[in-house]
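2 protein chains.
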Amino acid sequence: MATLDNRRPARRGRPGYDKESLLRVAVQVFNERGYDGTSMDDLSKKLGITKSAIYHHVASKDELLRMGVDHALDGLFAAAAEATAMPGRAIDKLERLVQASVEVLVERLPFVTLLLRVRGNTEVEQRALARRREFDRLVARLVSEAEADGDIRPDVDPGLVARLLFGMVNSLVEWYRPDGRTGAAELTEAVRKLAFDGLRPQPRASR
Amino acid sequence: MATLDNRRPARRGRPGYDKESLLRVAVQVFNERGYDGTSMDDLSKKLGITKSAIYHHVASKDELLRMGVDHALDGLFAAAAEATAMPGRAIDKLERLVQASVEVLVERLPFVTLLLRVRGNTEVEQRALARRREFDRLVARLVSEAEADGDIRPDVDPGLVARLLFGMVNSLVEWYRPDGRTGAAELTEAVRKLAFDGLRPQPRASR
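Chains as they are written, first to last, in our numbering: chain A, 238 to 444; chain B, 238 to 444.
Incorrect hints may have been included.
Unchecked claim - Estimated spans, in silico, between C-beta atoms of each pair:
| # | chain 1 | residue 1 | chain 2 | residue 2 | range |
| --- | --- | --- | --- | --- | --- |
| 1 | B | Ala-318 | A | Met-323 | 43 to 49 Å |
| 2 | B | Glu-300 | A | Met-323 | 50 to 56 Å |
| 3 | B | Trp-412 | A | Glu-423 | 23 to 29 Å |
Note that these hints are calculated values from the structure, not bench results.
Every residue, glycine too, gets a C-beta built ideally from N, C-alpha and C.
Assemble the whole structure, with the sequences as input and the hints as a guide.
Below, the structure written as C-alpha cells:
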C-alpha cells in the first residue's frame, strides 16, 4: 500500500475510489469523530458514495479500522526489522529505529494517529494493542542490550527509557503537521539529538 | 482543592459526596467513556445518587469538565510560577519546570489525562486549549533563554525542543500508573536525565 503515503488528494473530482483512497478518507473521518462515533452512514456521506459502494471494497467498518492500524504497524515493524538487521552495536540500532519510526510517523501520520487512539474495545483493537506491546518489547530489548554494552547510562531502567523515548516520538501525532514549517528531516534530527545526546551542549569525550 | 490529590477512595460506604469527591468520580468516568460520550444519567448511575443530588453541587456537566481541566492547569501553572521565580539560569528553571510538571502529572493524573484529550468542541474546551498554549509559550520562552545563555545546544529549534520535551512528559498519561513499580521520584529523575543529559553515558566537561 505504498500509495497511501503519497499526499495526493483523497477525493477526486468525481467520487470514485479504490480500496486505498477509500481507506485514507475513512481514517481521516475516524480521527475527526472517533472510530466509535463514526457510522457507515457518516462514511458514505463523507465519501459521496452509497454504503453498498463502500461494501464493494470492504466487508465492514471493522475491516477499515484493521487496515488503517495495520498500515501504521506494518511501517513500524518494517522500521524495526531494518534497524535490528543492521550490523553494529545495539545503541546504533536503537538510534536508527528511533529515526525510522519518526519517518514512519511523518509518512503515515493519520494511520499512526488512529493506532495510538485505539483503546482495545474490539478484537481488531485488541490485536493492534498486542502488536504495539510487541513493538514496545522490541524497543526495550534494544535498550537493555545497549545498556549491557555500556552505551546507555546504567542509572535508568531500560523499560522506562523505552517508554519515554517512544512517548516523545509518539507525541508528534498531537502537533506535527507535514505542511508546517518543520520538515521531516529536521524533526528526525531533533528527536535523535534530544534523546541520545540531551539538551545540554557540553563537549563529549567520544561519540 | 488539595484533597483531590489524596488517594482516598472516591466512593464512600454510603453514597455521599462533596464537590471534590464528586468531581474525582466524574473525571474518572469522562476518561473511561469520553466527555462527549458521558451523560448526566451515566454520572448519576456511577455515583449512585440522583441527578438532582449532582445538581446540588454543580450547575452542569460542563462545570465538571471546567473544574477537572482547571485542576490540571492550575497545577501546571503553579509549577511554572515556582520554576520561573527561582533565582539562577534559564536552563535550571527549565529543568525545575520539567521535574515539577512530572510531579503534577503523577499527583493529578486523571485530571491531566482529561486535559490532554480536550479537542476544543466547547467554550470550556477552547479555554483549556488557550491555557495549554499559554503554558507551551512559557516553556518555549525558557528554552529560548537557555539557548541564548549557551546552556542548550544551538542546533535545535527552541519551539521544537519545547514540544518534544513536553511530548515526553505528557506521554506519561498513556502508561504511568501510581500503583505500579515505578515511583514518582524515579520517574521524575528518569525524565530529567533523558531530556537534559541524553541516553549516552559519556563523561561531560562540566555540569
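State the violated hints by number, sorted upward, taking the hints as numbered earlier in the document. none
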